[in-house]
Structures are given as structure tokens and as C-alpha cells.
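Use the sequences and the hints to build the structure in full.
Listed here are the chains, written in short residue letters.
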Amino acid sequence: DTGVSQDPRHKITKRGQNVTFRCDPISEHNRLYWYRQTLGQGPEFLTYFQNEAQLEKSRLLSDRFSAERPKGSFSTLEIQRTEQGDSAMYLCASSLREGQTGYTGELFFGEGSRLTVL
Amino acid sequence: GQQVMQIPQYQHVQEGEDFTTYCNSSTTLSNIQWYKQRPGGHPVFLIQLVKSGEVKKQKRLTFQFGEAKKNSSLHITATQTTDVGTYFCAGHLNNQGGKLIFGQGTELSVKP
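Protein chains in written order, with the numbering used here: chain V, 302 to 419; chain W, 320 to 431.
These are computed hints drawn from the structure, not numbers from a lab. Every residue, glycine too, gets a C-beta built ideally from N, C-alpha and C. Some hints here could point you the wrong way.
Claimed, not checked - Partial list, derived from the structure: chain W residues whose beta carbon lies under 10 angstroms from chain V: (1) Y354; (2) H361; (3) C408.
Shown next as C-alpha cells:
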């Protein structure tokens, strides 16, 4: 399977615990995105990487959230001291940077990691 | 906050009727993409529009990008039950690099 893969698919945790999600993008894609989606809403931008550099992080994102892409391949998203409001689907997507404009081409999404905080 | 707005939030149609969803931005968009998310699935890319006033067609789907590059629409002719899902627009705000902002989506249900 050469698509975007995410792990785990489901995570149930107690409030206050830390959780980490992993995303493996399509191998030749240089951009990687994290989004959060709750029921009935569109994907909410969290952060994105170009290769190993984190180029932007949402201003709405608490400092309990951190993401890394250490070698420009897979990425991890960690949430510390989880709260019930963190319950959501966490979506990872990868894409190629368009050479001339610098904008992002088609996003390929993974199946998502569903987080439930009790 | 959300800078890309979509209306309507829900649309229920009889099979064979047409469907349109509208996407509006408070600021100029460099380009716009459309995605479809089936129930229980993840968003899947449909198309990208780049030029002012651009119109693209994919079988029964017609996509438009406004002249001012602040709005877009997706029109489906003669809906089928396979069209069920949520349709999202997503745009690059001008001069904001790779950040892609999604609208809230329009959920389409089709009654056979």
C-alpha cells in the first residue's frame, strides 16, 4: 500500500494522559499536514511541514500540541495532558509542493486517528 | 477562525435533482480545491481551480472559480445515490504559502 498511513486508528485515553499519533506519508511527498476534524465540521488546520521543517502552526493550537517530522519522512503528533475537548479525528495528509507557486497540490489523506478522551 | 465559508450546511435532494454548494472567502484565494468525504471516510480530492473565472467539468460535476477569486461553486447535475457525502472546498489564502484552509462542508443526502 503506497498511500498515507496513520497509527493508531483509534485511541481511548483518560484525561491528563499523553498520546502520540504517527503518520507515514506517500514517500515522494515533501509536504505533510495535520488536521483535526470533529463531527459535522471541516478539517481544521493544525500544522504543516515541508521536508523536516515545520513551516506553520495554527495560532489556535494549544502548546500541549507538538508535531515533529525529524527526517522529512514520517511525522508524529503528540498531545500532552489531554482534555475532553481534544476528542476528535486527527487527519494526516501529504502532498507535493508546486514548484512555481509554492502552493500545495492535491492532498492525499490517511484514514485518520480517532481520539476519545474520557 | 474559519475564513472559508460554505453554504448550505445540509442539502437533501431526490435522486435526479440538481445540487449546488457555494464556497466564500473573506480574502482573495490563490487557488481552490474541492474534496468529497463519504460517511466514515476521509476527504478525497476532486479538482483544483487556479484561474479567475475558471470553469471545469467532471462528468455531472461543474466547478467554478469566481472572477474575484473569493468564491467558488460545485454543481452536480441529476444527482445519484453515489453522490452522497460531504463536499468541502479548501483554499490557499493569498500569500500564505502551503497552508490550506477548509470550509465547513455541505452534506448531501440523496433519496432514491
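A quick look at each hint next to the structure:
| no. | hint | in the structure |
| --- | --- | --- |
| 1 | Y354 | 8 angstroms, holds |
| 2 | H361 | 4 angstroms, holds |
| 3 | C408 | 9 angstroms, holds |
Checked against the numbered hints given earlier, this structure breaks none of them.
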